[in-house]
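There are 2 protein chains.
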Amino acid sequence: MAETLDKRRTSEHARDLGIYDEDGFVDADFLDRLRSLVKAEKAAALIEMVEPLHESELGDILETLDAEPRQNLVRLLGNSFDYAALTEVDEAIRLAIVEAMPNQQIAEALGELDSDDAVYILEDIEEEDRKEILAALPFKERIRLRRSLEYPEESAGRRMQTEYISVPPYWSVGQTIDYMREDEDLPTSFAQIFVVDPTLKLIGAVELDRILRAKRPEKIEDIMHDTRHAIPAEMDQEEAAQIIEQYDLLSAAVVDADERLVGVLTIDDVIDIVQAEAEEDIKRLGGVGDEEISDTVMTAVRSRFTWLLVNLATAILASMVIGLYDATIQQMVALAVLMPIVASMGGNAGTQTMTVAVRALASRDIDLRNAGRIIRRESLIGLLNGVLFALIIGIVAALWFQSLGIGGVIAAAMVINMLAAALAGILIPLVLDNLGADPALASGTFVTTVTDVVGFFAFLGLAGWWFGLG
Amino acid sequence: MAETLDKRRTSEHARDLGIYDEDGFVDADFLDRLRSLVKAEKAAALIEMVEPLHESELGDILETLDAEPRQNLVRLLGNSFDYAALTEVDEAIRLAIVEAMPNQQIAEALGELDSDDAVYILEDIEEEDRKEILAALPFKERIRLRRSLEYPEESAGRRMQTEYISVPPYWSVGQTIDYMREDEDLPTSFAQIFVVDPTLKLIGAVELDRILRAKRPEKIEDIMHDTRHAIPAEMDQEEAAQIIEQYDLLSAAVVDADERLVGVLTIDDVIDIVQAEAEEDIKRLGGVGDEEISDTVMTAVRSRFTWLLVNLATAILASMVIGLYDATIQQMVALAVLMPIVASMGGNAGTQTMTVAVRALASRDIDLRNAGRIIRRESLIGLLNGVLFALIIGIVAALWFQSLGIGGVIAAAMVINMLAAALAGILIPLVLDNLGADPALASGTFVTTVTDVVGFFAFLGLAGWWFGLG
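Going down the list, the protein sequences come from chains A and B.
The opening position of the first sequence corresponds to residue 1 in full-length UniProt numbering, with each subsequent residue numbered one higher.
The opening position of the second sequence corresponds to residue 1 in full-length UniProt numbering, with each subsequent residue numbered one higher.
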């Protein structure tokens, strides 16, 4: 992604306000001005500076500031603070800001937000505070938010917006348009309206452009279409996002267990979900779980420790393989010098195959049924690259240690380990996925364990046998 | 991503058609029926089976079939084949299908697609065929597609849709609605209309819900808003996606160098771009470049070879460090047994830091200016985990080889290498990014080179000095 980031966020709006520099970072001058206003406690000037900003821009500023000026900025902005910006920052920062506020103030702020943003902020707040905040909300909003919060974490019900427009099927287009003109309690923007029966059961939807193109006397039921992609509120947000994405929908109705309309999931939420899930995959492949850059040092140490501990266990296992051949190594130290090459090449080749496999699994391009084809493919790639690198390292090692035998042994070990890497790289993610585990989370360790163990075994074992050592 | 994939694609529509099994894969029975119809050349039955499918569902089927039945299916479907499905499959499959078709047929097919889909298919076709196809298109479409193709690859101009609605600012809401009711040449669906002056320069936009809520006599110029986020056609698609994403837009106007409206970029394209860019990052971090699962074995071998060759060079470098201490190892073989542990732990810790750094760079959370804070953070994490693992491995090694000296040496080497890993993990991506290189592509090799070299140096060097060997 990074290659093009240099020219990021150069939209006219942002350029006019001078928030971002040409590299897409929050502009240094802008920040300096902001910081000195905060220091001088000039609330009015700050409000004037921050008011025209989009919530995402204010979010970027909050993430860039240190904790102290950040809290002071929020305090000085007071009622002018755009609470929607809280949905644009890391969890740790969001919590720090919210915890410094009296619950009464949070309740007032939430009342002004869309319900999905309000839920997003509420769900991280501790049980007790949450109850107090909900109690301080007007009845209608309290009911809405409470219902959303009752759905499981990361479900469509948590991410949906409860503001939507629904009309009965027998209304005319004219009636519907008049209703939209007059009702003040409408969502801030919307792309379709829903059609429900008297029990609120969802029976259809109409896109706005379809309404605009219809004549006023036409009946809604004649221009509506079935909502074939209605999303159960209990559905995982990722699945819901995949449906909206697959069928290129602008929004989708969310329904409860009785197929009653309870909310709407919009495509901009889908983008956030897609981003978050891709981020999760990358972090899991890199062994850092759900860590965020704003987490405290102790949180980061703890989350990384587990992964490193697993790696230590597998590294010790690989060492024990070497330990089996200590007599062999003592008689030929060249083996100790060369052995990490075989293991390292296997590890990299295995990671390549694993990356392809994890991605193919995520997009449902492979499964156990068509695994035969993909296993043959990866084995062939492993074999071919194995032979190529066997030739290269064989020649290099033979020249380096002036021994054809060493060149032959490392070449043979290389072919074996590259094949093992291909098989481990494809089979381990497949099996993990089939067991219901996340292949992105665990495959890496297992794959490199295999390539280390096979690499050391093959190289040291072959050498011991060939040279009659040990 | 994978943990929840099990329940994927269970939308009512797909369930009714029976295309997907409960794991979200193309259903085996469905495929079997399809394959036997293809084999029996029953075109009519096939058309009946495939016609109700969404383009993305047909795309999934094309990706699941082997080359021969796939080509036969497309041939048997004839004019009933939904060409939009071509935008849903891997490049290799798309090219195979298109190359088997006469250019005249492709031209007819493209005429029925939205312009962005047509460009997507055209841009991969070879120059000569492309010219012939364009020549066979009606004048208006030829001009449109040619203009899109003149913009750079992966630019907003390539991804935009050239079907949009634009009206002059002095029109009334009523006039605009009547125009939309009568004009047949409209985009299939749209969320906003654009306002242009007589020279086609963009001056504003109005969302459909705003039009619906306005009274018929109101003037468009009174309800339109500035298009503060208009996107230059030359802009990279990723930047454009980031603007649409940051400001939660449903679509954005694309303008040429003279600020004339030339197209519209819609949010469903943005999702595809976000997906593609995340996929690219994951693959680059895994060392498989732009490889797709449908690439041929030779393409995959070639693309992976380069990365493995770089890794071989760095592995040899690490071996040369070991080579410096061959006499030390000969006197104490335990060192050869233990040395991969230090290197491996450093490699993993470095990868963790690097993953956090690459993600933070991609989302502009860090840069060289605030690097101090992040470098201190990562060093502290590295130091703390270094001390923890030094204790663990120190005790394990001391017990294993019955030597306090060995335990002390490996513990000290572990602290040093974990610190080096933290510094390499943060500094290498920062420097690469600052040089304009993609940190996702190259950081991995450099980081593990540092941790291998420092790991072997620290451990073998300390051991040689402590035990007076070498």
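Among the hints, a few may not be true.
For chains that are exact copies, the list does not tell them apart, and a pair is met inside one copy or across any two.
Claimed, not checked - 16 Å max Cα-Cα, derived EDC-like pairs, lysine to aspartate or glutamate:
no., residue 1, residue 2
1, Lys131, Glu99
2, Lys131, Glu141
3, Lys131, Glu150
4, Lys215, Asp183
5, Lys215, Glu182
6, Lys39, Glu68
7, Lys131, Asp272
8, Lys215, Asp178
9, Lys42, Asp23
10, Lys42, Glu91
11, Lys140, Glu126
12, Lys215, Asp16
13, Lys42, Asp27
14, Lys140, Asp365
15, Lys201, Glu22
16, Lys215, Glu55
17, Lys201, Glu280
18, Lys219, Asp197
19, Lys42, Asp367
Hints listed in this document are in silico derivations from the structure and should not be mistaken for laboratory results.
Here is how each hint holds up against the structure:
1. Taking the shortest Cα distances, Lys131 and Glu99 sit within 16 Å of each other inside one copy (14 Å), while across copies they are farther apart (63 Å).
2. In the homo-oligomer, the alpha carbons of Lys131 and Glu141 lie at most 16 Å apart inside one protomer (13 Å), although the nearest pairing across protomers, at 59 Å, exceeds that limit.
3. With identical chains, the CA atoms of Lys131 and Glu150 are at most 16 Å apart within one copy only, with a shortest distance of 13 Å there and 58 Å across copies.
4. For the homomeric pair Lys215 and Asp183, the shortest alpha-carbon distance between copies (14 Å) is at most 16 Å, but the shortest distance inside one copy (21 Å) is not.
5. For a Cα distance limit of 16 Å, the shortest separation of Lys215 from Glu182 across copies, 11 Å, qualifies, whereas the shortest one inside one copy, 19 Å, does not.
6. Taking the closest pair of Cα atoms, Lys39 and Glu68 come within 16 Å of each other only inside a single copy of the chain (10 Å); across copies the shortest separation is 71 Å, beyond that limit.
7. Taking the shortest alpha-carbon separations for Lys131 and Asp272, neither the intra-copy value of 27 Å nor the inter-copy value of 40 Å comes in at or below 16 Å.
8. Taking the shortest Cα distances, Lys215 and Asp178 sit within 16 Å of each other both inside one copy (13 Å) and across copies (9 Å).
9. In the homo-oligomer, the alpha carbons of Lys42 and Asp23 never lie at most 16 Å apart, since the shortest distance is 29 Å inside one protomer and 58 Å across protomers.
10. Taking the closest pair of Cα atoms, Lys42 and Glu91 never come within 16 Å of each other, the shortest separation being 28 Å inside a single copy and 57 Å across copies.
11. For a Cα distance limit of 16 Å, the shortest separation of Lys140 from Glu126 qualifies neither inside one copy, at 22 Å, nor across copies, at 60 Å.
12. Neither within a single protomer nor between protomers do Lys215 and Asp16 lie at most 16 Å apart by alpha-carbon distance, with minima of 42 Å and 33 Å respectively.
13. In this homomeric assembly, Lys42 and Asp27 never come within 16 Å of each other (Cα to Cα): the closest approach is 20 Å inside a single copy and 64 Å across copies.
14. Taking CA atoms no more than 16 Å apart as the test, Lys140 paired with Asp365 passes in neither setting, with 45 Å inside one copy and 38 Å between copies.
15. For a Cα distance limit of 16 Å, the shortest separation of Lys201 from Glu22 qualifies neither inside one copy, at 51 Å, nor across copies, at 26 Å.
16. In this assembly of identical chains, Lys215 and Glu55 lie within 16 Å of each other by CA distance neither inside one copy nor across copies; the values are 38 Å within and 30 Å between.
17. Within a single copy, Lys201 and Glu280 get their C-alpha atoms no closer than 36 Å, and across copies no closer than 42 Å, so neither meets the 16 Å cut-off.
18. With identical chains, the CA atoms of Lys219 and Asp197 are at most 16 Å apart within one copy only, with a shortest distance of 14 Å there and 36 Å across copies.
19. Neither within a single protomer nor between protomers do Lys42 and Asp367 lie at most 16 Å apart by alpha-carbon distance, with minima of 61 Å and 29 Å respectively.
Hints 7, 9, 10, 11, 12, 13, 14, 15, 16, 17, 19 from the earlier list are contradicted by this structure; the remaining hints agree with it.
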